[in-house]
Amino acid sequence: MQHVRLMLMAEDLPRASLALAETAQFHPDTRPPEEQALANPPGRDYRETFAMARSRLDKIARILELEDSPEPGQTRVIDHDDLAALNQQLGTLWEDASRLEEDFRRLDEEERVLREQEAALENFANLNVDLGALKRKTRFLDFYIGLVPRENVSRLEGAVALAGHLLLHFLQRDNHAHVVIIGPSGEREKQLASVLSSAGFQALPIPEGITDKTPEQLEADFRARHQALEARRGALKQRLVDLRTKHCEQLLDARRMLLLAEPLVTLDPSIHGVKSLAVLCGWVPTRAIERLRENLGAHLQLPFALETRRPTAAERPLVPTVPTHNRLLAPFSTLVKQYGIPQYGEIDPTPLFAVTFLLMFGMMFGDVGHGAVIALAAYLARAKLKNFAAFGMAAGVSSMLFGFVFGSIFGVEHWLPALWMPPLQDPITLLKVALVWGIVFIIAACSLGIYNRFAVGNIQGALLAPHGLVNLLFYLGFLTGGWNLATRGGFGLWPGVIVLGSLATLAVHQWRHLSGPVGEKMLVVFIETLDTVIVYLSNTLSFLRVSAFSLNHAALAIAIFTLADMLGTFGTIVTLILGNLFILVLEGGIVMIQVMRLQYYEGFSRYFSGDGHEFAPLRFGEVKKLRS
Amino acid sequence: MSAAAHAYLNTRVSVMSARLLNPDRANALLGLALPELAERLGLQSVIEDQLSAHAKARAVEQALMQTLLADVAVLIRPMNPAERALLLSWARRYALFNLKTLIRGKLYHLDPGEIRKDLYDLPPGLRLARDELFRTENVLELLRVLERGPFSLLARQAREVYEQKREPFALEAAIDQQYYNDLVRQTMRFQGASLQPLRRLMGALLDRVDLMWMLRFRFAYGFSPSETFYQLVPSPRLLHRERLLALVNHENLRQLLDALPEPLAARMADAGDLLEVQRRAVAHQAEETRHILTQSASGVARALAYLMLREMDLMLLFALLQGGLLGLPPDVIKSAVDPHAFGAANGGGALAAAA
Chain A
2 MQHVRLMLMA
12 EDLPRASLAL
22 AETAQFHPDT
32 RPPEEQALAN
42 PPGRDYRETF
52 AMARSRLDKI
62 ARILELEDSP
72 EPGQTRVIDH
82 DDLAALNQQL
92 GTLWEDASRL
102 EEDFRRLDEE
112 ERVLREQEAA
122 LENFANLNVD
132 LGALKRKTRF
142 LDFYIGLVPR
152 ENVSRLEGAV
162 ALAGHLLLHF
172 LQRDNHAHVV
182 IIGPSGEREK
192 QLASVLSSAG
202 FQALPIPEGI
212 TDKTPEQLEA
222 DFRARHQALE
232 ARRGALKQRL
242 VDLRTKHCEQ
252 LLDARRMLLL
262 AEPLVTLDPS
272 IHGVKSLAVL
282 CGWVPTRAIE
292 RLRENLGAHL
302 QLPFALETRR
312 PTAAERPLVP
322 TVPTHNRLLA
332 PFSTLVKQYG
342 IPQYGEIDPT
352 PLFAVTFLLM
362 FGMMFGDVGH
372 GAVIALAAYL
382 ARAKLKNFAA
392 FGMAAGVSSM
402 LFGFVFGSIF
412 GVEHWLPALW
422 MPPLQDPITL
432 LKVALVWGIV
442 FIIAACSLGI
452 YNRFAVGNIQ
462 GALLAPHGLV
472 NLLFYLGFLT
482 GGWNLATRGG
492 FGLWPGVIVL
502 GSLATLAVHQ
512 WRHLSGPVGE
522 KMLVVFIETL
532 DTVIVYLSNT
542 LSFLRVSAFS
552 LNHAALAIAI
562 FTLADMLGTF
572 GTIVTLILGN
582 LFILVLEGGI
592 VMIQVMRLQY
602 YEGFSRYFSG
612 DGHEFAPLRF
622 GEVKKLRS
Chain B
4 MSAAAHAYLN
14 TRVSVMSARL
24 LNPDRANALL
34 GLALPELAER
44 LGLQSVIEDQ
54 LSAHAKARAV
64 EQALMQTLLA
74 DVAVLIRPMN
84 PAERALLLSW
94 ARRYALFNLK
104 TLIRGKLYHL
114 DPGEIRKDLY
124 DLPPGLRLAR
134 DELFRTENVL
144 ELLRVLERGP
154 FSLLARQARE
164 VYEQKREPFA
174 LEAAIDQQYY
184 NDLVRQTMRF
194 QGASLQPLRR
204 LMGALLDRVD
214 LMWMLRFRFA
224 YGFSPSETFY
234 QLVPSPRLLH
244 RERLLALVNH
254 ENLRQLLDAL
264 PEPLAARMAD
274 AGDLLEVQRR
284 AVAHQAEETR
294 HILTQSASGV
304 ARALAYLMLR
314 EMDLMLLFAL
324 LQGGLLGLPP
334 DVIKSAVDPH
344 AFGAANGGGA
354 LAAAA
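One line per chain: the protein sequences are A and B, in this order.
All the letters of the first sequence, read from the start, carry residue numbers 2 to 629 under the numbering used here.
All the letters of the second sequence, read from the start, carry residue numbers 4 to 358 under the numbering used here.
Bound-form chain A, shown alone (with noise of 0.2 Å):
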């Protein structure tokens, strides 16, 4: 990976994000420029006027609902007076849907208060009372009949009692409450006005001829009044229609303008400079960096410079990591990534996650006719699994291939030839097995830590960290000891000398890196150090549960056989196949939760810091060719 750093003159940016975009090489540098000279960046109204454009773009395609892609087409630099002008459309045509929104809003409103107005009028039917009454405004009595948000209504009632009316609440209605206001017409009635504009009241009218007319009039009044309104919504549900088919290109002329627009902004943070000069600084991996000078040669218009040179140290932690491009591993690096992004320089862990991963699940689930189902039902579930389903199969075919190790098909034992032997035929030797493996992949992760820790130019890590040297060499000279211990009787000289040593090593790094009181010091330095043996004894015996799978496996198949010969033929059957299921899906999902605890915990926190950040290319999408 290369920082390179461009230097064109600002008017040429446009054309220079298309490249950069179309190489899809350059990870931009957001660092702000160490030259105080550089600080006023170019092309901030440019940023501002995509803003917008794209807000309006996004809000009119939103109301008109406008659900088309643009279709892949040529590229061409959009400068700023383009993008300006784009958005003045844009701000015209969004007045006009703003507006149709708006309308739609207003006539939901309508509508609302035509049902509260009928549910009132239902209500007072009811209550037989004279409508017609209400109606007539007297001289001295004012009537409000109409709606109140429900919370406004106690305050309302206080309010206009100052005023000498008097509120009756007489039917809620979701937030809404129906309330009748009566009191004294006169001079109070103008701050009544202003209380209830305040508390947000809306008026019902009572209808014209309300006493005149029979209930099935009235009926068939409202239904008329919303009939009214149906064909209001009708009329603006095509004026939407021929707003989108009259706008429909000039939109997705929009959304490609702006497509072809988008790299510059997103480049926005890392471009700095001075008056007409603008300086751009990003990473480009080494191999491509004479594409992108081929590229920004071919279709910048005036003279520009590029810069390149290797990352310091110090930047390391900034340089960004190129993903697995491979296939086959990409399920395999999704999950590593849940971990982290491995640093520039860090061995990528996804290859070793790969194979040790399905080495670790294939012995733990080693069965020929489990392992088959698994990848079948992956490979028919290929649609919705995607990438995974390449995972799926290749756990499958690994606890296949064990299961001709082991002589398993559904827990059958019998049918196949062992290639080795049975889980239950010798525990000891498997749990033998396991402790190696964990051993020797405790061994390697260590020594994966401490390459990946020299490689980031963290020598002090890799010797005093956790998990680096002299760590190591503590666990090398605690398992020779052990070895000793088992097999001769004693610990030996040379581990106990090596475990000693690098426990006292570790326990003055410890030391000189705390502060405080010497007493919390050395109790702190204890409690670690103890906490070193105690890691690294647990961490190996955690591989125990590698064979204890295997072993677990071929127990509960007995358990079902013997279930199953306890039954008649239906129960057996059955029995059979429901326990087959119970072993693919409680025993196959603890199985990989397990696999996964062990490359997390025992793995990836040895070697692998994840705190990386992943290569993302400026590019953009459908369009391929530039044309200046």
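In case anyone wonders, no lab produced these hints; they're calculated from the structure.
DEER-style ranges, computed between Cβ atoms: (1) A:E615 <-> B:R130: 26 to 32 Å; (2) A:A299 <-> B:L54: 41 to 47 Å; (3) B:N141 <-> A:D222: 34 to 40 Å; (4) A:A25 <-> B:R130: 33 to 39 Å; (5) B:A85 <-> A:A560: 44 to 50 Å; (6) A:R32 <-> B:L277: 50 to 56 Å; (7) A:A25 <-> B:R188: 52 to 58 Å; (8) B:R130 <-> A:A314: 38 to 44 Å; (9) A:I460 <-> B:A36: 44 to 50 Å.
Note that the structure is a prediction, hence the values are computed from the model and not measured.
A virtual CB, placed ideally from N, CA and C, is assigned to each residue, including glycine.
Mind docking chain B on chain A? Use the hints.
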């Protein structure tokens, strides 16, 4: 909340309460020049930045508010959902400030960049759907967006107010009402040992707010009694509904202050103008809040009391810094704040800027 969580929260509040200003510390701050004060608060970079005085004041306010919100984040961790919701609702006023800024900006067609500068940067738990609201291009669109979210009722009411009155005051009053109503409603849902101290705390807050609103609406804006009453949110303590109904009918400041219930009446005995009333009302609230902080056993009430006092302290600091940034003479700045209120048993008056 479990006893252990109460103990933890109470310990946390007690530890954090050591940060609150007392008269000595407040007086010491008053004597500091702007650079010294900024250095003590870790705000040198803001003060030294090449920005306008307004922009610097805004940055200072934002920094102080982040301090307060950091305390909120710490205190809500051990709380149960209802307690957490109450504290977040209290802190949500900053989100409502943003909403008011947006409404005002849209109403007066301000430049989006200018509006953006005046918005507080809030953590996700308190934030409005700011980007979507910010992208709106007029008040009606803003209200339509609001109607689609949790503020739908407020937006509908605001729309009616806006369409009839076309003034931001009515909208902002509706927002404030809803804010305080929500706080009271949430408080009254509590049961057990927390209810009483929370009632008292919220009562002190609303007594202060109602008194100031009542005086302003009646005598500064000339609202009628019924209009004034409608704008108030009855307090669960002194200025409850019936008392407000009686108070708003008074014809002048003196009559109204004399009719206040004790201890507010005694405190306002010789207050002659709104500024003085405000200082004393804030002092009353501070005293009540401090009482809850020191005497209550309820973790949530003490946490909220601490936050309210902390906010007052931060406002004092903001007043001092802002005065310095505007180049005001020290005696003018000192006249705006009264450090004797801090931790004093008799209250004595708090910072004017807090109201």
